[in-house]
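2 protein chains.
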Amino acid sequence: MEFSKRVLISECEQHIGKEVILKGWVKKIRQLGKVGFLLLRDRTGTVQCVLEQEQNQLKIETESVVRVTGVLVKTDKTANGVELQVNELIVLAEADPLPFEINKKKVNAGLDHLLNHRVLSLRHEQINAIFTVQSMFVKGFAEFLTKEGFTRIFTPKIVSQGAEGGANVFTFNYFDKNAYLAQSPQFYKQMMVGAGFERVFEIAPVYRAEEHNSSRHLNEYTSLDVEMGFIENVEEVMEMEKQVLQYTFDYVKEHCQKQLDILKVEIPVINDIPQMTLAEAQQLLKKKYQKDSPEGDLNTEGEKCIGNYIKEKYGSDFVFITNYPRTTRPMYTMPNKENPVLTDSFDLLYKGSEITSGGQRIHRQAELIASFKEKGLNPDEFKAYIDSFAYAIPPHGGFGIGLERIIMKFLNLGNIREASAFPRDCDRIIP
Amino acid sequence: MEFSKRVLISECEQHIGKEVILKGWVKKIRQLGKVGFLLLRDRTGTVQCVLEQEQNQLKIETESVVRVTGVLVKTDKTANGVELQVNELIVLAEADPLPFEINKKKVNAGLDHLLNHRVLSLRHEQINAIFTVQSMFVKGFAEFLTKEGFTRIFTPKIVSQGAEGGANVFTFNYFDKNAYLAQSPQFYKQMMVGAGFERVFEIAPVYRAEEHNSSRHLNEYTSLDVEMGFIENVEEVMEMEKQVLQYTFDYVKEHCQKQLDILKVEIPVINDIPQMTLAEAQQLLKKKYQKDSPEGDLNTEGEKCIGNYIKEKYGSDFVFITNYPRTTRPMYTMPNKENPVLTDSFDLLYKGSEITSGGQRIHRQAELIASFKEKGLNPDEFKAYIDSFAYAIPPHGGFGIGLERIIMKFLNLGNIREASAFPRDCDRIIP
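Heads up: the protein sequence lines correspond to chains A and U, in order.
In terms of the working numbering, the first sequence is residues 570 to 1000.
In terms of the working numbering, the second sequence is residues 570 to 1000.
Hints are computed from structural coordinates only; laboratory data are not their basis.
A portion of the hints provided could be inaccurate.
As the list makes no split between identical chains, a pair holds if one copy fits it or if it spans any two.
[As the list claims (entries may be wrong)] 20 Å max Cα-Cα, derived EDC-like pairs, lysine to aspartate or glutamate: (1) Lys716 x Asp819; (2) Lys873 x Glu808; (3) Lys880 x Glu923; (4) Lys827 x Glu717; (5) Lys952 x Asp665; (6) Lys716 x Glu823; (7) Lys822 x Glu712; (8) Lys708 x Asp861.
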């Protein structure tokens, strides 16, 4: 069955001399006396359409959706060397006058205004490009992991207990039971490793009921979660994260060069990622930058300084911070063998901002129960999770990457909301 | 850096004569007088390990996680022609005695019991295979759509209004606002079409607060959503659905033959999908089967009869039911031009069960507002959605497929819970 004979704008050069149907949005229209010029935009690009006679009489608002029929001719007046001599012009959907001018190099509107009119602002070339990159980033990520024997899993976001327990979870009534929105697929991805899949990943939303309104937090975000079994040590997990990022960065470069050019972003090759223990990082901050760190962690400012230091010293955008103490890591984190006050855990900083937490997990049930108790948690409240360790789960570890966070840093965006089509923060659930 | 030198069981034949490290679960163990046989399972298969001397003294529970070192030798006593002469056997994690025998052809336990002990039951070859197929099904689905110019999107599940409005939504408190869990990404995928992406898809959870406890409903499930702009008619949407299913079925056949064999499932080639209007289907049910249908819809029994009829008459597992009346379709559905009591909508039945709803959508704002009002809905409550149509959204349509539902039918499972790793129904949020 032959449907629409629509030609995409990127294909126009192959159809010179022929009559074609183009469809898209009116990016610009200039109607002079006898002749008009309509710049048509579809998802693949823009093309100039020349309007004469009755085609030039129609009054058309910018951003209206049109269907134009005409003959493609060669010209040296346009960038792509082609223009359409219009025979028929039909308005498929008319646009109202716009709340702000969208077809400029830079949009002159604040972020809130852009987010309020999201369908419009997303049409801007630079804003649109962000989400094409995001889409391909996820594809590259999934492709690499599949090649490496990982199974993509789908685990519930309705849970009976927040993974990390306690605060910062959204709660709701689920058929007369209390339920929570999952803060992470942590327990479930570990269980799927133990269920015989060994290597799993998930791409799904997670929820944090935190009342921060910062430029780098969202209350709902997409988590890229990875968990792998039969590891010898946490280094294997870090190596896997390095490799998946290398592949994904290269994948985006290969498939989104046009978008990266639009966004003026250059993606460097990822070489070896330097490592530093948390103690070393804190000491460096103290000595070189006269900065104190919070107990067992880095703060935003500290992350920035370490990021700069590593960039200068090693030319790397990335650095692994390792060996966080047990006090600041979750109860399922594997203690370090040599110094059990510490853990086999890591954060990954990218351009001076944390994008991952990861580590090896405790895989023996007795140790796990002891660790819960040490943290003051009641193992009975995590029964289903802990019970599954009775059937033998291999040594394993993993990590999670916040998609919007890494895209924000990847594309040098100023605010994480720019990396979310419809961001959710404390004030915003619309649109 | 060289980490674990673990060899996967599927690779054993390439290492005959060499000493290797294998890791996995103890599927079976028989310890005779002088010699023992341990059947080791990893994610790629099973291999026989021969234990002698002190290796044969260890008491090991079935399903324990072990690491074995030994020499791979040729043999004609095993199916894959190889066995491991064990030099070292280390238990990495010990299993408790099991609540049911997992290493039989058929597991002798009810579905509830299997779901309660999910980490264990998922290790059974037949159960495990379901989720490998699911993973690859999603990969094939995404791959086809990307090739066809679709952008993968991520839209919020925390929303200010359920897409279809009204009942059957989970509600919760979101920073002193009322919020809902999205029943579908319907509004957002339409908005992303209008935002210039034209063709989008999403793979994400959706939520239905329906109090049914049937064998084919879940309260949280994964929705495969597709929406495409610049269509001429709803036929294009149905054609796209046919093509994506063709590709995905072939993809699974190509990548999961081993799992399909384990599950004893044969996947037929999808040819043209027959179509039938709802009126025709209802008439057929009345005349041929003496069955009444609900106003403007089919019931479960009706779907089954139509499925059988189509299979017999056309040899097809699929049938599109078209032209549902406006009364039973959502307010955003495009009315039929020739008979505006009907809509340009469809359901897709697969093996006698609905797996898709789809259709063309209203794309002009004035018509959309009128349709909301006709349905007794207040357009002000859907302001952000309706407002976005002021900026001109092209003619468009799409569909959604319930992942667990299609996998259930695809693999001939008796209950949709079998197609969910951790199903959520009215009674179950654990594990």
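The hints, checked one at a time:
no.: 1; hint: Lys716 x Asp819; verdict: both (15 Å within a copy, 19 Å between copies)
no.: 2; hint: Lys873 x Glu808; verdict: neither (23 Å within a copy, 51 Å between copies)
no.: 3; hint: Lys880 x Glu923; verdict: within (15 Å within a copy, 55 Å between copies)
no.: 4; hint: Lys827 x Glu717; verdict: between (29 Å within a copy, 18 Å between copies)
no.: 5; hint: Lys952 x Asp665; verdict: between (57 Å within a copy, 16 Å between copies)
no.: 6; hint: Lys716 x Glu823; verdict: both (18 Å within a copy, 15 Å between copies)
no.: 7; hint: Lys822 x Glu712; verdict: both (15 Å within a copy, 19 Å between copies)
no.: 8; hint: Lys708 x Asp861; verdict: neither (40 Å within a copy, 47 Å between copies)
Checked against the numbered hints listed earlier, the structure breaks hints 2, 8; every other hint is satisfied.
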